[in-house]
Amino acid sequence: DAKTTQPTSMDCAEGRAANLPCNHSTISGNEYVYWYRQIHSQGPQYIIHGLKNNETNEMASLIITEDRKSSTLILPHATLRDTAVYYCIVSSNDYKLSFGAGTTVTVRA
Amino acid sequence: KAGVTQTPRYLIKTRGQQVTLSCSPISGHRSVSWYQQTPGQGLQFLFEYFSETQRNKGNFPGRFSGRQFSNSRSEMNVSTLELGDSALYLCASSWGLAVETQYFGPGTRLLVL
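Each protein sequence line maps, in turn, to chains W and V. So the first sequence is numbered by the numbering used here: it starts at -16 and just counts up by one. So the second sequence is numbered by the numbering used here: it starts at 880 and just counts up by one.
Just so you know, these hints were derived from the structure itself, not from any lab. We put the CB at the ideal spot given by N, CA and C, even for glycine. You can trust all of the hints, since none of them are fake.
Derived CB-CB ranges, DEER-like:
hint : chain 1 : residue 1 : chain 2 : residue 2 : range
1    : W       : Gly(-2)   : V       : Gly882    : 26 to 32 Å
2    : W       : Ala92     : V       : Gly882    : 25 to 31 Å
3    : V       : Arg988    : W       : Gly83     : 18 to 24 Å
4    : V       : Gly921    : W       : Ser8      : 17 to 23 Å
5    : V       : Gln897    : W       : Pro59     : 45 to 51 Å
6    : V       : Ser930    : W       : Ala92     : 45 to 51 Å
7    : W       : Thr87     : V       : Lys936    : 25 to 31 Å
8    : W       : Met(-7)   : V       : Thr959    : 38 to 44 Å
9    : W       : Pro(-10)  : V       : Pro985    : 25 to 31 Å
10   : W       : Glu49     : V       : Arg894    : 49 to 55 Å
11   : W       : Thr87     : V       : Ser930    : 35 to 41 Å
12   : W       : Ser24     : V       : Ser906    : 21 to 27 Å
13   : W       : Asn40     : V       : Lys892    : 36 to 42 Å
14   : W       : Pro4      : V       : Ser901    : 37 to 43 Å
The calculated lysine-lysine pairs, modelled on BS3-like cross-linking and capped at a C-alpha distance of 30 Å, are:
hint : chain 1 : residue 1 : chain 2 : residue 2
15   : W       : Lys52     : V       : Lys936
16   : V       : Lys936    : W       : Lys35
17   : W       : Lys35     : W       : Lys(-14)
18   : W       : Lys52     : W       : Lys35
19   : V       : Lys936    : W       : Lys(-14)
20   : V       : Lys936    : V       : Lys892
21   : W       : Lys52     : W       : Lys(-14)
With the sequences and hints as input, model every part of the structure.
Structure follows, in structure tokens:
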């Protein structure tokens, strides 16, 4: 599975959009981009995934560049409950995910 | 519908003992994956079971084993516990037939003294 690079941490103001970048320059053609988040002491929570088209659901939007070497997770209106570690993962299947260090997102009032 | 459940939620053991953790997947899900999470190593894949067969395995020693029952419930076992086995053990379930999401349980926090 390809590796990903994410910033270690970022702050976001409550009510504003949070844009979380992820680099995955070695992604292969059959690998999807997944985003999960983990709130302290809980299991990871699925957010969104995509192959090459942009995706949107009730939680977030995923923007994947045309060359698929990077992506951005957008939380449109961050709340205090969005404070968590966000993981960007690339994988060709859903049952063997490899999580990196992720980005610690702190939403401030 | 009910989420993934794991039992017990907390466990304290001593070195040399063995432990069995249990995971009940979401109803209808046939794939169960196990992960170990520690502050130093992050979240690492242990193994995955689908229809009672181990389909994939991570890079862990043979002391870590698992199985899946016909009702898709899964157990993992760690024998001869070491201090370094202290971790949050997470179970995740999915349909397992295509690229889709995994749903994680709350985890079992194991402390080895």
